[in-house]
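Peer 1: One letter stands for each residue in the lines below.
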Amino acid sequence: MADQKHRILMVSDFFFPNFGGVESHIYYLSQCLLKLGHKVVVMTHAYGNRSGVRYMTGGLKVYYVPWRPFLMQNTLPTVYGTLPIVRTILVREKISLVHGHQAFSTLCHEALMHARTMGYKVVFTDHSLYGFADIGSIHMNKVLQFTLADVSQAICVSHTSKENTVLRSGLPPEKVFMIPNAVDTAMFKPAPERLGNDEIIIVVISRLVYRKGADLLVEVIPEICHLYPNVRFIVGGDGPKRVRLEEMREKHSLQDRVEMLGSVPHAHVRSVLISGHIFLNSSLTEAFCIAILEAASCGLLTVSTRVGGVPEVLPEDMIVLAEPDPSDMVRATGKAISLLPNIDPQQMHNRMKKLYNWHDVAKRTEIVYDRALKCPDQNLLERLSRYLSCGSWAGKIFCFVMIIDFLLWRLLQLWQPTEEIEEVPEFTLPHHQDEEIISNFNKDHSLG
Amino acid sequence: MDNIISESLLRPKWRKVAYGGMQPGFDDNHTDESFLEDMVMNASVVKRDLLKVMQDSVSISQYLCIVTLVSLVWARTLQSTLDENSLLLLDASLFGSGFLVLLLTKEMRSLNLLFHYILNISFFTTGLYMLAPIYHPLTRSISSDSIWAVTVTLVMLHLFLHDYSGSTIKAPVALKNPSLTSCVSLNASVVASVFIASRLPSRLHVFAIMLFSLQVFLFAPFVTYCIKKFSFRLHLMFSFGLMAVTLALIYTLHHLLFMLLLGLLVFISVVCPCWLIRIQEYKFEINGPWDEAKLCFNVTD
Numbered sequence: 001m002a003d004q005k006h007r008i009l010m011v012s013d014f015f016f017p018n019f020g021g022v023e024s025h026i027y028y029l030s031q032c033l034l035k036l037g038h039k040v041v042v043m044t045h046a047y048g049n050r051s052g053v054r055y056m057t058g059g060l061k062v063y064y065v066p067w068r069p070f071l072m073q074n075t076l077p078t079v080y081g082t083l084p085i086v087r088t089i090l091v092r093e094k095i096s097l098v099h100g101h102q103a104f105s106t107l108c109h110e111a112l113m114h115a116r117t118m119g120y121k122v123v124f125t126d127h128s129l130y131g132f133a134d135i136g137s138i139h140m141n142k143v144l145q146f147t148l149a150d151v152s153q154a155i156c157v158s159h160t161s162k163e164n165t166v167l168r169s170g171l172p173p174e175k176v177f178m179i180p181n182a183v184d185t186a187m188f189k190p191a192p193e194r195l196g197n198d199e200i201i202i203v204v205i206s207r208l209v210y211r212k213g214a215d216l217l218v219e220v221i222p223e224i225c226h227l228y229p230n231v232r233f234i235v236g237g238d239g240p241k242r243v244r245l246e247e248m249r250e251k252h253s254l255q256d257r258v259e260m261l262g263s264v265p266h267a268h269v270r271s272v273l274i275s276g277h278i279f280l281n282s283s284l285t286e287a288f289c290i291a292i293l294e295a296a297s298c299g300l301l302t303v304s305t306r307v308g309g310v311p312e313v314l315p316e317d318m319i320v321l322a323e324p325d326p327s328d329m330v331r332a333t334g335k336a337i338s339l340l341p342n343i344d345p346q347q348m349h350n351r352m353k354k355l356y357n358w359h360d361v362a363k364r365t366e367i368v369y370d371r372a373l374k375c376p377d378q379n380l381l382e383r384l385s386r387y388l389s390c391g392s393w394a395g396k397i398f399c400f401v402m403i404i405d406f407l408l409w410r411l412l413q414l415w416q417p418t419e420e421i422e423e424v425p426e427f428t429l430p431h432h433q434d435e436e437i438i439s440n441f442n443k444d445h446s447l448g
Numbered sequence: 001m002d003n004i005i006s007e008s009l010l011r012p013k014w015r016k017v018a019y020g021g022m023q024p025g026f027d028d029n030h031t032d033e034s035f036l037e038d039m040v041m042n043a044s045v046v047k048r049d050l051l052k053v054m055q056d057s058v059s060i061s062q063y064l065c066i067v068t069l070v071s072l073v074w075a076r077t078l079q080s081t082l083d084e085n086s087l088l089l090l091d092a093s094l095f096g097s098g099f100l101v102l103l104l105t106k107e108m109r110s111l112n113l114l115f116h117y118i119l120n121i122s123f124f125t126t127g128l129y130m131l132a133p134i135y136h137p138l139t140r141s142i143s144s145d146s147i148w149a150v151t152v153t154l155v156m157l158h159l160f161l162h163d164y165s166g167s168t169i170k171a172p173v174a175l176k177n178p179s180l181t182s183c184v185s186l187n188a189s190v191v192a193s194v195f196i197a198s199r200l201p202s203r204l205h206v207f208a209i210m211l212f213s214l215q216v217f218l219f220a221p222f223v224t225y226c227i228k229k230f231s232f233r234l235h236l237m238f239s240f241g242l243m244a245v246t247l248a249l250i251y252t253l254h255h256l257l258f259m260l261l262l263g264l265l266v267f268i269s270v271v272c273p274c275w276l277i278r279i280q281e282y283k284f285e286i287n288g289p290w291d292e293a294k295l296c297f298n299v300t301d
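Order-wise, the sequence lines are chains A and B. According to the UniProt record's numbering, the first sequence is numbered sequentially starting from 1. According to the UniProt record's numbering, the second sequence is numbered sequentially starting from 1.
Treat the hints as calculated values from the structure; they're not laboratory data. Computed from a predicted model, the values in this text were never measured in an experiment. Incorrect hints may appear among the rest.
Said to hold, decoys possible - With a straight-line cut-off of 27 Å between C-alpha atoms, the simulated DSS-like cross-links for lysine-lysine are: (1) Lys251(A) / Lys294(B); (2) Lys353(A) / Lys13(B); (3) Lys13(B) / Lys363(A); (4) Lys354(A) / Lys13(B); (5) Lys229(B) / Lys47(B); (6) Lys52(B) / Lys228(B); (7) Lys354(A) / Lys189(A); (8) Lys396(A) / Lys35(A); (9) Lys228(B) / Lys13(B); (10) Lys16(B) / Lys363(A); (11) Lys142(A) / Lys294(B); (12) Lys175(A) / Lys16(B); (13) Lys35(A) / Lys354(A); (14) Lys294(B) / Lys335(A); (15) Lys354(A) / Lys16(B); (16) Lys16(B) / Lys353(A); (17) Lys283(B) / Lys396(A); (18) Lys396(A) / Lys142(A); (19) Lys363(A) / Lys61(A); (20) Lys13(B) / Lys175(A); (21) Lys354(A) / Lys335(A); (22) Lys175(A) / Lys94(A); (23) Lys228(B) / Lys142(A); (24) Lys363(A) / Lys335(A); (25) Lys229(B) / Lys106(B); (26) Lys52(B) / Lys106(B); (27) Lys16(B) / Lys335(A); (28) Lys175(A) / Lys363(A); (29) Lys229(B) / Lys52(B); (30) Lys94(A) / Lys374(A); (31) Lys374(A) / Lys175(A).
If we strip away everything but chain B, and leave its shape as in the complex, we get (with noise of 0.2 Å):
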């Protein structure tokens, strides 16, 4: 008992301590068994569920759908087989059916609101209408096949950098501002639709084509939002149902475009749903006190 207690005394243990010079009886590269004791490894993961990933792949799937059908307009568009009648048409009809889920599905229905909205449109489309023929020259000096090019590229980086989370213009519940990589992708949709309008014909398909593109980019995500905070079973409908169309639709136009849309919209639904899923199990996540102190306040700039 006394040996033990002696023993102790001589050798005093070891303290995880910064100060007071190296401790007696030990190296400074001592590790103690508390060493990483503090760690704690994935703490805060999330248990995914195969069908939720899913059912939220479909609202990539969807927009994926609505970008294909607007550049199935340009390219009907482009070959004359959609006359500017037939496109001022559309333009109506979907300023309709927007405003008509619009007051549908949001709670606030007041007539102020609506005249505001249908003011802020009538200014927006005067002034696209004065636009057009500024945007109708604008690269005739420049060949199709290096406007084709741009334009697609312009349409997958909108594709890749687009917000699927939410809507892209702010919708009057949104908190956050939207950010960087939305607005780039919002901009890149914009100059697509720029560079198709300017190799149409004449100024009126100018100015519908780009009422129609402009409509789909601003407004789409925002009333599919709608769409889905109303009724997530009226969202897959509506998904599915535009992804039946889309593909009917690209089949009439190139058989080899609707395999490759096909073979994307499974990619996104079931292989990227899955491919997640397995990954899960690689998820290694490390705290410790190590870690950068979270403010358990908002910092308001």
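Just chain A, same shape as in the assembly (with noise of 0.2 Å):
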């Protein structure tokens, strides 16, 4: 059972080439499922010009599929238009398997939907907590308790996030897998040399948004520069808070403290991040945080807000953690200060490569692969008792969607048989074009 190769396709709204968490996991893990062997398309929505299908590095189709993003990169939802479409690709491609990604991509929701009508395996990873409280929140559980009614099993990417799905969902906690994110150690590289200890530098790298906790660092940067004064500031990002963080710098004179970089480009977060010595973080919530994993493969020391599942992403002994509360995060720094002549950032870098790893996440998600297919075959009728149990208006109008999704797709199956759709050819890569990645690989494994 365990070299069964699969056939996978990936959905999300969110790919290359944005970036963030969720675009880089489906990419990191893409890559390394191709290297064990199964095959990997990905579907997505068409970004600028960029339409149609292209392939990425190691023979990664990807299918830019022409609809317009209308809201935060999201396609407009429209239930059932998306059906002919993934009816094709997964005719076409042979695929076996379906994982949708993130809990806001309405491409994923109406994917899984398709699939999950097609008789497909499905299953979906959810990268974001939500809380239960406000207007957006209860709207956003129901539809992801629509589609994760039927989802054959689940990902989730910390275990706070997991607990979160469980309750949202209402999926058994069986159903619901714990696989992290990773970072690529060899891209996160510490800088060659070490740096001096005179002056110490702090990086921020964010959007600078409200959620990022913009407004905590506006109140904790000026304290830390009143309490230390060998310390500077970096800020790499951008968003509607930076004004706020600037006027901050005018206020308290910070300018030759405080240094703004604007938006970085993901190519360039390394040459920043290894300028610094300690990485604050002050999100007000994160599932995961791919970022404090960069900081910490470059060797930086990390004080971060105690939110979500940042408590579980480093040992402690990494990772300073403070409350969402400037005296707090102030304490934390310093705490951090002291401790930063301990830190060596190139043994932290080779902890990291033990701690995280790509293929790690690949082989675990593999298994939760084998056990969606071992999952039983189930009639309409069978899967339409789940829906009518989420609840006494919602299940019936969940129903009632898949009951017309069921006859939409019979009507393509007669105007469009699935023999008249042509099959892909198979190829192979006849040699893999980045070593960089396999020498990885092999090194991490002799480590390991």
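Dock chain one against chain two, each of which comes alone in its own frame, and use the hints as you go.
Peer 2: What follows is the structure, encoded as structure tokens:
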């Protein structure tokens, strides 16, 4: 069973050329699954003029479906609009399993629904946390409940995220797996020479928005600058709260001690990170936080707020946690500054190599795929009863949506029979172009 | 003893961590007994008291009565049972009583502020008087039925979106600015008054009815708010008096409307509070580490 090769379709609205936690998760997971011999196809919406089929490193095939994003890089929810193209891709690529990512990707929800209608096994990965109080979350949770009602297996990126997903969707906890993100340690190496300790540089890289705690930074930075005269800040990132940070800099005349870089392209993140000693994360909510991993991999000591899944991400001696409150964050930063002489970036980097590895993530995901494929097949009636239990009103609406979807699928089968859809020819890359990943892979294994 | 130690050494304890790969001896879907132990249920639920809720609902009934009275004056004027002179008299007496209430209930009584208010109001009245000829023929080409339909819709919108918790115009002590919905509500009421005014026969009628409507819609919430702050007992007495007067007046207009209003008042002041108390037991609030952290200081943008 272990050497059974899957043919996986990854679906999400979020993919390259965008950058973020979800995007890099899909990319690295796909690359490593390809290395393990599976076939991986990615489906996302068109970005600008990037539309149609593209190939990425390692023969990763990406379908940029020509649907325009309408809000926050999401496609317009049409419920049934994507059925024909999803069906065509599933048949053309002879997919055996569909894997959707991110709870607020409409494309992912629609594709998972169609895939279930067509009898495919589906896996869903949740990358974010949601509360239960505001109107937005309540609706989001209902949509998630709909998608997850019939999902074969689900994956979350941290234990806190798993608790959250189980509560939101009502899935049995044994169906939800915890598989974290990882970091490409080969890309995030520490500076070749150790930085001097007479001036301490604190790096912040995040979008400057409310949820990332930009308002906390406005309170914390002047206080730290006042207490520790040898500290400097480098702030990378852009957003609506940038004005507030710049106001703070003027007000406390810290222009020479707080450097504002604006948005930093992902390729330059490492070069910014390695110019500092401490990485400061002030998020108010975070399911996992890849930024912390990148910083730790570059050998920086992390100071972070104790929110969401952050406490699970690093061992206690590599991170200083604080409550999301300015005075406690100042205390934690002070503690980090006192710990700094004992931190060896190279040693930290080596530890990170052992702690996180995308190949390990891929192997664990493979187990989830095997489990999903072992789930028994179910007919429409059995599946409808699951939707019906989602709520007195919502359950009936969900059932109705699924019945229509089923009828549309049958109609499509009459209109364009499966046999008439051309299947893509198989091809295997003669040799892997990026030897580096493989050599890293082998090296990591010899270490582990 | 040795056996237990070696067993616990062999099988390390499950930890709630994401690093270090798959934990030996545990699958990724392992659910520990510590699962969901940080979850807090109904932490910030307020216990509600039936009497308190009923007392609070009186403000809503009171405002409903005020709006009904305004509509009554509109209807009477359109029926020509109320002429322009008595309307102007009504305006003047409303101004007088409104000021009296403000003067008696507010702590800061300064002649300067009063003068400031009077100046503003005279500007306002003059402006309205000059605009009256414009409002007068505004909807001449539209049928009365459509105007009535639109007006009723707007008044309903006004009632639905009205900010019942405080005054619509900003009191000097109020901290927060009026919200978007309360602005929409106020505008709906003003448009409704303009529509009604435009159906009237003379310019003086238009001026008088516009002045009356704007006085009530702009200042009545503020005045009732002042009364409520001054003394809750007075507020209750005033509200019940208002309800009685409204019911009596509407009875002379139409019997069905009387029944409707009475039913609505009972629904708001008795049925809704009981209902709210009953559904309290279904309240289910979940908090836990996944919630967005709240900042402990105020953010001023």
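Peer 1: All hints are to be evaluated individually against the structure, with a verdict given for each.
Peer 2: Here is how each hint holds up against the structure:
A threshold of 27 Å between alpha carbons decides the hint, and for Lys251(A) with Lys294(B) the separation of about 25 Å falls inside it, so the pair holds. Restraint check: the Cα-Cα separation between Lys353(A) and Lys13(B) comes to about 23 Å, which is no more than 27 Å; the hinted pair holds. A C-alpha spacing of about 23 Å is found between Lys13(B) and Lys363(A), which places the hinted pair at or below 27 Å, so the restraint holds. Only pairs whose Cα atoms come within 27 Å are accepted, and Lys354(A) paired with Lys13(B) is accepted, the gap being roughly 20 Å.
Restraint check: the Cα-Cα separation between Lys229(B) and Lys47(B) comes to about 24 Å, which is no more than 27 Å; the hinted pair holds. Restraint check for Lys52(B) and Lys228(B): the C-alpha separation of about 14 Å stays at or below 27 Å, so the hint holds. Only pairs whose Cα atoms come within 27 Å are accepted, and Lys354(A) paired with Lys189(A) is accepted, the gap being roughly 14 Å. Distance check on the hinted pair: Lys396(A) and Lys35(A) sit about 43 Å apart at the alpha-carbon level, beyond 27 Å; violated.
Only pairs whose Cα atoms come within 27 Å are accepted, and Lys228(B) paired with Lys13(B) is rejected, the gap being roughly 62 Å. For the hint linking Lys16(B) to Lys363(A), the alpha-carbon distance of about 20 Å falls within 27 Å, and the restraint holds. Between Lys142(A) and Lys294(B) the alpha-carbon distance is near 24 Å, which keeps this suggested pair within the 27 Å criterion. For a cut-off of 27 Å, the pair hint linking Lys175(A) to Lys16(B) stands: about 18 Å separates their Cα positions.
Restraint check: the Cα-Cα separation between Lys35(A) and Lys354(A) comes to about 19 Å, which is no more than 27 Å; the hinted pair holds. Distance restraint check for Lys294(B) and Lys335(A): the Cα-Cα separation of roughly 24 Å lies within the 27 Å cut-off, and the hinted pair is therefore satisfied. This hinted pair checks out: Lys354(A) and Lys16(B) have alpha carbons roughly 18 Å apart, not beyond 27 Å. Taking the CA atoms of Lys16(B) and Lys353(A), the gap is near 20 Å; set against the 27 Å cutoff, the hint holds.
About 23 Å separates the Cα atoms of Lys283(B) and Lys396(A), which keeps this hinted pair within 27 Å; it holds. Annotation: proposed proximity of Lys396(A) to Lys142(A) holds, straight-line Cα distance about 13 Å (limit 27 Å). The suggested pairing of Lys363(A) with Lys61(A) holds, with an alpha-carbon distance near 20 Å, which does not exceed 27 Å. Distance check on the hinted pair: Lys13(B) and Lys175(A) sit about 22 Å apart at the alpha-carbon level, within 27 Å; holds.
For a cut-off of 27 Å, the pair hint linking Lys354(A) to Lys335(A) stands: about 26 Å separates their Cα positions. Taking the CA atoms of Lys175(A) and Lys94(A), the gap is near 26 Å; set against the 27 Å cutoff, the hint holds. For the proposed pair Lys228(B) and Lys142(A), the alpha carbon gap of about 41 Å is over 27 Å, so the pair is violated. For a cut-off of 27 Å, the pair hint linking Lys363(A) to Lys335(A) is broken: about 37 Å separates their Cα positions.
For the suggested pair Lys229(B) and Lys106(B), the alpha carbons sit about 9 Å apart, so the restraint of at most 27 Å is met. Between the alpha carbons of Lys52(B) and Lys106(B) the distance comes to roughly 25 Å, so the proposed pair stays at or under 27 Å and holds. Distance restraint check for Lys16(B) and Lys335(A): the Cα-Cα separation of roughly 24 Å lies within the 27 Å cut-off, and the hinted pair is therefore satisfied. A threshold of 27 Å between alpha carbons decides the hint, and for Lys175(A) with Lys363(A) the separation of about 18 Å falls inside it, so the pair holds.
With a C-alpha separation of about 16 Å, the suggested pair Lys229(B) and Lys52(B) falls inside the 27 Å cut-off, and the hint holds. Taking the CA atoms of Lys94(A) and Lys374(A), the gap is about 18 Å. The hint holds against a cut of 27 Å. Taken as a hint, the Lys374(A) and Lys175(A) pair is honoured in the structure, with Cα atoms around 13 Å apart against an allowance of 27 Å.
Violated hints, in rising order: 8, 9, 23 and 24; the structure is consistent with all others.
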